[in-house]
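Novice: First residue of the sequence shown? That's 1 in full-length UniProt numbering, and the numbers climb one at a time after it.
Hints may be right or wrong, so weigh each one.
Unchecked claim - Label-pair distances were calculated between CB atoms; the ranges are:
{"id": "1", "residue 1": "Thr97", "residue 2": "Ser244", "range": "35 to 41 Å"}
{"id": "2", "residue 1": "Asp215", "residue 2": "Leu355", "range": "24 to 30 Å"}
{"id": "3", "residue 1": "Arg219", "residue 2": "Gly364", "range": "47 to 53 Å"}
Unchecked claim - Heads up, simulated SDA-like pairs for lysine to any residue below, C-alpha to C-alpha not over 25 Å straight-line:
{"id": "4", "residue 1": "Lys217", "residue 2": "Gly315"}
{"id": "5", "residue 1": "Lys182", "residue 2": "Ala24"}
{"id": "6", "residue 1": "Lys182", "residue 2": "Cys159"}
{"id": "7", "residue 1": "Lys182", "residue 2": "Trp118"}
{"id": "8", "residue 1": "Lys217", "residue 2": "Asp230"}
{"id": "9", "residue 1": "Lys217", "residue 2": "Gly289"}
{"id": "10", "residue 1": "Lys217", "residue 2": "Leu261"}
{"id": "11", "residue 1": "Lys160", "residue 2": "Gly289"}
{"id": "12", "residue 1": "Lys160", "residue 2": "Asp36"}
{"id": "13", "residue 1": "Lys182", "residue 2": "Asp324"}
{"id": "14", "residue 1": "Lys217", "residue 2": "Ala242"}
{"id": "15", "residue 1": "Lys182", "residue 2": "Arg99"}
{"id": "16", "residue 1": "Lys217", "residue 2": "Gly199"}
{"id": "17", "residue 1": "Lys155", "residue 2": "Pro359"}
{"id": "18", "residue 1": "Lys155", "residue 2": "Asp36"}
{"id": "19", "residue 1": "Lys160", "residue 2": "Arg225"}
{"id": "20", "residue 1": "Lys155", "residue 2": "Arg93"}
{"id": "21", "residue 1": "Lys182", "residue 2": "Arg152"}
Quick caveat, the hints were computed from the structure, so don't treat them as lab data. All values derive from a computational prediction rather than experimental measurement. Ideal Cβ placement from N, Cα and C applies to all residues, glycine included.
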Amino acid sequence: MIPFDLRSPETGNPLRADRPHSLADTETGARWPVIDGIPYLRIDRADTIERVLAHLDGGEPDEALSILLADQDSWWNGPPADAGDIRTLVRERATATLRDAVRLLGWGRVGDYFLYRWSDPTYLAGLALLEAHWNEPACVFEFACGIGQYMRELKRRGCKVAGADVVFAKLWVARHWVVGDKAQFVCFDAASEHWPIAGAPVDLVLCNDAFYFLDDKPRLLESLRQNAGDDGWLALSHIHNAESPGFSAGRAVTAEDIAELFPDALVYDDAELTRALVETRAPGPRDPGDLRACEAFSVVAGPGMRPAPRAVVDGLTLPPAGTDLVLNPLYRPDPAGGFAIRWPSERYEAEYARLVTYPMHSDGPEHLAFSGEPEAPDADRVRRREFVDLPERW
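Please take these sequences and the hints and turn them into a complete structure.
Specialist: As structure tokens, then:
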């Protein structure tokens, strides 16, 4: 376990376990629920916390869990999850698939992104960024980790991993379907008065496709740098460029913002990282001023990073040796033979079709045993995500 010093997001006082299912402020006594080992430390949720604690204290953990699984972030503009569907998921969580979970939680298009993220170009850009600057970190913290795709890869490479997100349901799905029970998770708001995970216990802090959402970026960045300490490094990928049209909500940044926020960084065009992965070469950093036309920025910063990128050949960008891969589930049987890409939505196609690394048609097979060798006959097909390594209960 990573030795985070958990603090109240309201007072900054230390939190200590007062019951198996709750933490308490050591000075005020205010309590915070913990379900499946995930502390729920969201601010401005007093009524929710009171209801959840009442169910937990009353021996009704499934009722408490159902309440938290319906909680969303302030950017959510879809319909609320159906209470009956959530109860079904809670009841059937031991046998449900990840696809079941996404459907029953009512995540809509967000669910599409999670289900197919293993091959989306922005996810691959983040992997390439990490691989290009890899220095064998022992402890890794991912901010806004979603359902934990990066954490899964890092954990399998021997890292101790911890993740935080503002949506409890995402962390719960990460726990049960993607990362497993050896990871640490904390649910909290970036806008908390006090950063709930104090100290500097990690070697690497990462954040993918989320940094642009936050209002007070300098304050958040200061907190993340504190977690990395004097020797760790930061990797932040897919930070939307305000000068380029995009598909996501949020608070995009400019090249000037990047230069001001990250004076010690190497800065990349996000798409350059994806190309470097497919072409098995080192990505080329650029001056932020030269990247005004890019869709999104990626950066590495901090004293612990490598001074120059290395070639993206193996490591995180290829599955471990002996992994049984499946044909990318975006492929469907083609009446003309083989398999053809079928997009999960028009929005998904509009955002990713022009950037994807896999071909629009594949001859299969549907399953592939991969040796893990960078020069293996099928390595290029694996590298471009024609074949993917999905969780067991995908």
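Novice: Now, for every hint given, state plainly whether the structure supports it.
Specialist: Each hint tested on the structure:
Take threonine 97 and serine 244: their Cβ atoms lie about 36 Å apart, and the range 35 to 41 Å holds. The hinted window of 24 to 30 Å between aspartate 215 and leucine 355 holds, with their beta carbons roughly 28 Å apart. The hinted window of 47 to 53 Å between arginine 219 and glycine 364 holds, with their beta carbons roughly 50 Å apart. This hinted pair does not check out: lysine 217 and glycine 315 have alpha carbons roughly 31 Å apart, beyond 25 Å.
Restraint check for lysine 182 and alanine 24: the C-alpha separation of about 23 Å stays at or below 25 Å, so the hint holds. Of the pairs offered as hints, the one joining lysine 182 and cysteine 159 holds, with about 11 Å between alpha carbons and a cut-off of 25 Å not exceeded. Proposed proximity of lysine 182 and tryptophan 118 is supported: the alpha carbons are some 21 Å apart, at most 25 Å. Annotation: proposed proximity of lysine 217 to aspartate 230 holds, straight-line Cα distance about 20 Å (limit 25 Å).
Distance restraint check for lysine 217 and glycine 289: the Cα-Cα separation of roughly 20 Å lies within the 25 Å cut-off, and the hinted pair is therefore satisfied. With a C-alpha separation of about 8 Å, the suggested pair lysine 217 and leucine 261 falls inside the 25 Å cut-off, and the hint holds. Distance hint between lysine 160 and glycine 289 is unfulfilled; the C-alpha atoms sit about 36 Å from each other, more than 25 Å. Our distance criterion of 25 Å between C-alpha atoms is met by lysine 160 and aspartate 36, whose separation comes to about 18 Å.
The hinted pair formed by lysine 182 and aspartate 324 meets the criterion: a straight-line CA distance of about 22 Å does not exceed 25 Å. The hinted pair formed by lysine 217 and alanine 242 meets the criterion: a straight-line CA distance of about 14 Å does not exceed 25 Å. With a CA separation close to 22 Å, the supplied pair lysine 182 and arginine 99 stays within the 25 Å bound. Between lysine 217 and glycine 199 the CA atoms are separated by roughly 19 Å; this keeps the pair inside 25 Å, and the hint holds.
Proposed proximity of lysine 155 and proline 359 is contradicted: the alpha carbons are some 29 Å apart, above 25 Å. At most 25 Å may separate the alpha-carbon atoms for a hinted pair to count; lysine 155 and aspartate 36 meet this at roughly 19 Å. Restraint check for lysine 160 and arginine 225: satisfied, since their Cα atoms lie roughly 18 Å apart, inside the 25 Å limit. Distance hint between lysine 155 and arginine 93 is fulfilled; the C-alpha atoms sit about 23 Å from each other, no more than 25 Å.
For a cut-off of 25 Å, the pair hint linking lysine 182 to arginine 152 stands: about 11 Å separates their Cα positions.
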